[in-house]
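Same order as they appear, the protein sequences are chains A and B.
Quick note: the first sequence uses the working numbering, first residue 202, plus one each step.
Quick note: the second sequence uses the working numbering, first residue 202, plus one each step.
Accuracy of the hints is not assured; some may be wrong.
Pairs involving identical chains hold if they fit within one copy or between any two copies, as the list cannot separate such chains.
Unchecked claim - Computed cross-link-like contacts, DSS-like style, restricted to lysine-lysine with a CA-CA straight-line distance of at most 30 Å:
#, residue 1, residue 2
1, 295, 408
2, 480, 468
3, 283, 235
4, 610, 373
5, 272, 235
6, 383, 408
7, 313, 235
8, 235, 581
9, 583, 295
10, 811, 383
11, 277, 674
Honestly, the hints are just simulated from the structure, not real lab data.
There are 2 protein chains.
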Amino acid sequence: MKKLFALGIMGLIAVAANAQQKPLMGFTPVSSAKQLQTEQQFDQAISAPRINETLKDLSAYPHHLGSPGGKVVAEKILKKFKDYGFDAHLQTYKVLFPTPKTRVLEMTGPTKYTAILKESAIADDPTSGQEGQLPTYNAWGADGDVTGQLVFVNYGLPDDYETLASMGIDVKGKIVIAKYGKSWRGIKPKVAYEHGAIGCIIYSDPKEDGYFAGEVYPKGAYKNETGVQRGSVMDMVIYPGDPLTPGVGATENAKRLDRKDAATILKIPVLPISYQDAKPLLEALQGPVAPESWRGALPFTYHVGPGAAIVHLKLEFNWDLVTAYDVIAKIKGSTYPDEWVMRGNHHDAWVNGADDPLSGQSAMLDEAKALGDLLKTGWKPKRSIVYCAWDGEEPGLLGSTEYAEDHDKELQQKAVVYINSDDISRGFYHSGGSHALESFMGEVSESVIDPETNVTVGQRKKADELVNAGSVKSKREIMNRKTDPIEALGSGSDFSPFLQHLGVPTLDIGYGGEGGGGEYHSIFDSFTDHERFKDPGSVYGAVLAKTVGHTVLRMANANVLPFDFRNLYATLNGYSRELAELASSMRETTAMQNELIKNNTYALAADPTKKQTAPQVKAEVPVIDFSALTASLEALKAGADKLAASTDAASNIDHKILNETIYKAEQQLLSPAGLPRRPWYKHTIYAPGFYTGYGVKTMPGIREAIEQRNWTEAQQQITAVAAAINALASYLDKAAM
Amino acid sequence: MKKLFALGIMGLIAVAANAQQKPLMGFTPVSSAKQLQTEQQFDQAISAPRINETLKDLSAYPHHLGSPGGKVVAEKILKKFKDYGFDAHLQTYKVLFPTPKTRVLEMTGPTKYTAILKESAIADDPTSGQEGQLPTYNAWGADGDVTGQLVFVNYGLPDDYETLASMGIDVKGKIVIAKYGKSWRGIKPKVAYEHGAIGCIIYSDPKEDGYFAGEVYPKGAYKNETGVQRGSVMDMVIYPGDPLTPGVGATENAKRLDRKDAATILKIPVLPISYQDAKPLLEALQGPVAPESWRGALPFTYHVGPGAAIVHLKLEFNWDLVTAYDVIAKIKGSTYPDEWVMRGNHHDAWVNGADDPLSGQSAMLDEAKALGDLLKTGWKPKRSIVYCAWDGEEPGLLGSTEYAEDHDKELQQKAVVYINSDDISRGFYHSGGSHALESFMGEVSESVIDPETNVTVGQRKKADELVNAGSVKSKREIMNRKTDPIEALGSGSDFSPFLQHLGVPTLDIGYGGEGGGGEYHSIFDSFTDHERFKDPGSVYGAVLAKTVGHTVLRMANANVLPFDFRNLYATLNGYSRELAELASSMRETTAMQNELIKNNTYALAADPTKKQTAPQVKAEVPVIDFSALTASLEALKAGADKLAASTDAASNIDHKILNETIYKAEQQLLSPAGLPRRPWYKHTIYAPGFYTGYGVKTMPGIREAIEQRNWTEAQQQITAVAAAINALASYLDKAAM
């Protein structure tokens with residue numbers, strides 16, 4: 202205890218000392234000191250017990266999109282913002298949202314089994330047996346009534362189907378069963394459909410988040426045999442939001458697509474099940490034993506199928522238009538009212554959503570309370586602050602996407618930054634987003650103390666990285682680096698439309714790593730579970746509120762916005778090198794594999810009693826010309842250096858013009874055509890992967906073309922990305938005075 | 202079929218072409234052609250159906266050391282050798298062999314469970330329910346009656362106890378349960394005892410060779426819930442063989458140690474159990490959840506303990522002296538009767554032992570039959586051929602070790618080579634042993650055709666290596682290498698006393714990789730199992746017989762023995778570089794870890810709700826001086842090159858003197874003092890690892906000192922190994938004319 206206390210003091214001294222050494226990024230020595238004082242006041246107003254109280258209150262009933270509980274939650278949030286002194290209103294959209302009408306899953310042979318498709322309520326968890334819960338289902342799968350042989354497809358990703366093909370197995374006309382994990386769930390049925398499957402079951406293997414991972418709920422945090430992960434399987438990597446209104450806000454009178462023309466609604470029925478329901482199905486499979494890495498923790502030998510196991514899957518949905526209630530709450534900026542520092546977190550859940558999304562939402566509401574307290578002292582932000590509580594994130598970022606599409610021009614004109622959070626738990630700070638904000642986030646992460654260790658959250662994160670880095674070399678690199686990296690953003694939360702469709706500078710901030718469990722999207726994501734396993738007392742809720750609060754306050758008050766495009770350059774340069782190495786390693790691997798195929802090596806190494814097909818010869822990988830990209834990066838470096846030299850916060854230049862230039866710079870990275878086959882995604886640097894879903898692909902046009910061995914497109918996309926980077930480079934060059 | 206046939210022809214043409222190109226190593230063009238003809242005759246005499254018949258006959262009843270069935274098997278083997286024209290006799294030793302009198306394992310709390318400790322016979326497998334089977338037990342654990350808390354220790358290796366310590370758990374006064382796998386089983390109770398445990402249970406986790414790996418017996422080849430792996434836990438890395446007669450043959454009147462003074466008998470009771478019996482014990486464990494890599498495939502959360510789970514283990518053994526029946530069978534050499542080409546495989550099993558050892562033993566007997574057929578044609582080997590069927594290998598290489606100790610001087614004088622085999626199955630050729638025989642074995646492996654692919658067994662092995670190599674770089678290295686490597690030998694079969702105690706040049710040859718299963722040392726290692734899963738029809742038994750047959754015949758007939766010390770040099774040079782890299786990487790890792798500890802990094806990264814102790818600061822690793830070793834290797838290179846230039850088989854030099862020099866050269870690598878703390882092991886290059894058991898440690902004196910962070914001893918051992926290599930270098934230099 203003593204040691205920790207000493208460290209705590211040291212941490213605080215370090216923060217204070219750092220503050221004295223040099224002003225905050227974008228501030229003058231005077232405004233910096235004042236800013237730190239404001240942040241101190243802000244921090245004092247943040248209350249973990251109040252966050253916990255909010256979380257308990259808002260998680261008391263199911264509150265999914267379109268539900269009475271969802272409306273109540275939106276109204277409660279609206280009232281809070283108003284009480285705190287925000288100018289708040291509900292902004293509504295009419296969005297499509299399928300809920301289940303019929304759910305049947307049964308095995309008709311070799312034995313009969315009818316799936317239970319229901320989680321069991323638990324006495325210890327008072328909300329787990331409530332009325333009004335959405336049944337276990339995946340939204341956006343097709344209506345369907347299909348019967349077919351069952352095939353186990355591991356995680357259901359493209360590589361898995363290659364493995365199946367090497368075993369001589371295809372899934373045409375069959376129903377696949379994939380396990381949750383590795384990729385976003387929506388990829389699994391999409392890839393199944395691409396391979397000709399007629400239905401897709403997704404189950405939670407106990408190896409992933411069940412008893413293999415730890416004791417199951419309610420004894421421990423992990424998934425018990427009845428737990429099911431609900432979730433969207435919308436083909437969100439084409440576009441997120443309402444499937445019927447791509448690119449425009451789903452207002453009452455918006456022009457809507459016919460449902461059958463909506464590209465993001467899947468073509469086959471999809472159903473998530475528990476491991477209780479998966480067990481008899483998987484155990485009945487015949488055919489080859491599944492490859493070792495495919496096997497889970499159920500107590501039998503995993504086979505791939507197909508065989509005598511025949512499954513009947515029947516699903517029907519209510520395809521209703523429902524109202525999404527976004528809550529938008531503003532504090533008007535004193536100096537630059539038309540520059541908006543935006544902050545958001547969704548409020549809808551799949552069931553009670555104590556952790557997802559309320560751990561983030563309740564923290565955000567406490568930030569609003571603390572800002573309200575500051576307002577009462579007469580304090581005013583220079584820029585406007587806009588808080589957003591989104592509805593309909595769970596089914597596919599509906600509330601945020603419709604809002605962003607509805608206000609696209611205004612946001613591209615006014616939004617300085619969009620700062621997102623979502624579910625969090627005890628543990629380590631992490632952040633992602635626009636890399637021009639990397640140094641800035643480094644500074645923010647040094648301004649908040651971690652309650653478990655009493656060092657800054659940035660220092661603790663670094664300690665975790667150091668311990669987990671694989672080699673002495675990578676540990677040394679982490680120790681020596683000047684800027685702590687932020688992640689690139691893919692999808693999976695409301696930041697996506699702001700960053701990837703509009704080019705608004707974006708941040709996503711969170712905490713986690715010590716709150717593992719299996720409650721995600723189930724009836725067990727409850728206040729009881731949160732209090733026991735995720736973040737008891739919402740201690741880290743308060744840490745999140747402080748971290749995001751500092752971020753908001755600094756962005757709102759900085760003399761010069763704290764962007765540094767030199768960080769962006771360094772990151773992009775890293776991506777460019779990565780891509781060149783990827784292409785060259787694919788060239789070597791392909792040549793070697795073709796040589797081995799030619800030499801009959803695979804056939805010689807194979808066990809003739811097992812059906813195995815040698816890999817097919819692939820076209821040799823041509824040399825790809827990265828010179829346009831390299832040249833554009835040189836130009837970006839020059840532009841970024843030049844701008845950095847002219848962003849002294851204490852100078853007499855017109856900060857308004859400079860700032861407006863700076864925060865709109867990210868839009869230079871948009872390409873008007875968007876990404877190949879998914880034009881909604883306009884950012885040339887960040888996108889969710891076509892086959893990863895949430896997982897990011899950086900420089901996605903180039904990277905995915907290489908991964909898909911489409912060499913012509915790779916070369917075209919190098920031109921496109923280089924053009925965007927060149928545009929940004931000359932934009933920065935002009936901005937620098 | 203057509204394609205395979207074409208390949209087959211091509212393979213044969215390749216063999217033939219190769220033969221025409223240049224004479225076999227150690228032969229003249231004329232003697233080489235004659236030799237190939239002899240081998241062809243030999244191959245024609247090998248019969249897979251006869252091998253299978255022998256295997257079925259010898260596996261008909263349990264035949265462990267000291268059993269009536271064991272004696273019958275020895276006598277049957279003796280008769281065969283005599284029938285084939287060998288001069289054969291039984292050589293007997295009186296050896297200690299514990300068999301169980303009392304076996305009790307029960308959990309007394311929190312619930313009561315009495316372990317079954319018996320495998321269930323299976324109707325489909327006629328020998329599985331026979332009388333006379335040894336019960337499930339580990340030989341050489343102590344008598345004992347202990348009760349204590351249970352702790353799960355993963356594989357029970359030193360690293361696992363470090364992990365336990367970091368969780369604040371020690372095993373003093375407790376009973377540990379370790380799972381089979383990773384190391385040789387005898388290491389587990391030894392390390393448990395070193396850490397203060399009072400008893401050790403070893404169980405077969407279904408993840409290792411049970412349902413996780415594949416369908417269980419009798420449906421598939423893997424271990425069913427009652428299967429138990431018997432086996433020796435003798436501390437064989439001190440010395441193998443009869444614990445009462447270290448270093449000398451256990452003849453009737455040999456001087457024997459008191460049992461309590463025998464260093465290789467363990468000090469705590471040890472018992473192997475099935476996963477049926479392990480399940481309730483492991484499920485009752487409390488304490489921290491086991492680290493992810495520790496968890497097996499039983500359907501619950503693995504905990505480490507200790508807690509309410511209390512276990513009572515009571516074991517008593519009959520510590521009897523029994524007779525080991527070695528069968529020794531000779532064909533007298535026509536030219537050099539006092540040069541012995543030795544060939545061995547054990548005949549004792551734990552139960553019926555169809556695979557272990559009879560798959561190897563039956564093949565060996567067919568070699569003898571084929572040699573007998575050659576004798577009948579008037580053919581005679583130049584050198585004497587000595588076939589050995591060992592008893593008592595299973596409890597600790599008793600038959601072979603006692604024979605080798607009993608005949609140590611004679612063997613060092615006469616043994617040109619000892620060629621071993623043991624259990625084999627369908628699949629890939631592999632060989633290990635003295636690296637001066639590496640090129641020779643490369644030639645042998647090109648002289649036998651693989652029946653599944655119709656290329657040479659060497660080519661098929663290389664195909665397997667190529668497919669499984671991790672990187673393009675390592676695939677390229679495999680493609681480009683001139684000599685296919687043979688493995689270094691540790692322990693686990695009868696080659697150990699010849700190579701590591703006497704310095705007799707040694708080879709161990711086998712096939713496997715396509716016969717996976719869980720029958721090892723259980724009642725299910727039966728003819729039925731072998732015929733279904735290991736090597737149906739003993740097809741690979743015949744391949745082994747041909748491979749070893751060619752090896753024996755070439756060694757017996759070569760004009761100049763086919764040793765090439767340049768291969769040895771290259772291998773030793775590789776070891777030396779490996780060791781220097783090991784020391785330097787430990788230096789870097791230690792420095793980095795100490796730095797992280799000093800900076801409190803581990804504490805900062807730890808979850809404070811979990812009991813975890815940061816690693817302790819370790820002494821920095823000094824710079825170790827490898828120059829003596831490097832210099833000795835330079836000398837060896839010169840000596841090997843010089844000798845290679847003077848071993849032309851067609852020359853007029855006195856081959857007898859040259860050959861005698863060559864085959865005794867390996868003895869130069871022995872150190873009179875032996876390895877630190879285990880003087881029985883005299884070879885400075887090859888030994889079983891002190892903490893791996895079967896697994897080899899090359900340059901063990903140096904390597905283990907480094908691994909144990911004993912820097913003084915590492916430096917001393919560099920001197921010792923360099924001295925041995927220098928001795929060999931000048932020996933070769935003198936031998937070269």
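Hint numbers not upheld by this structure, sorted from lowest to highest: 1, 4, 5, 7, 9, 11
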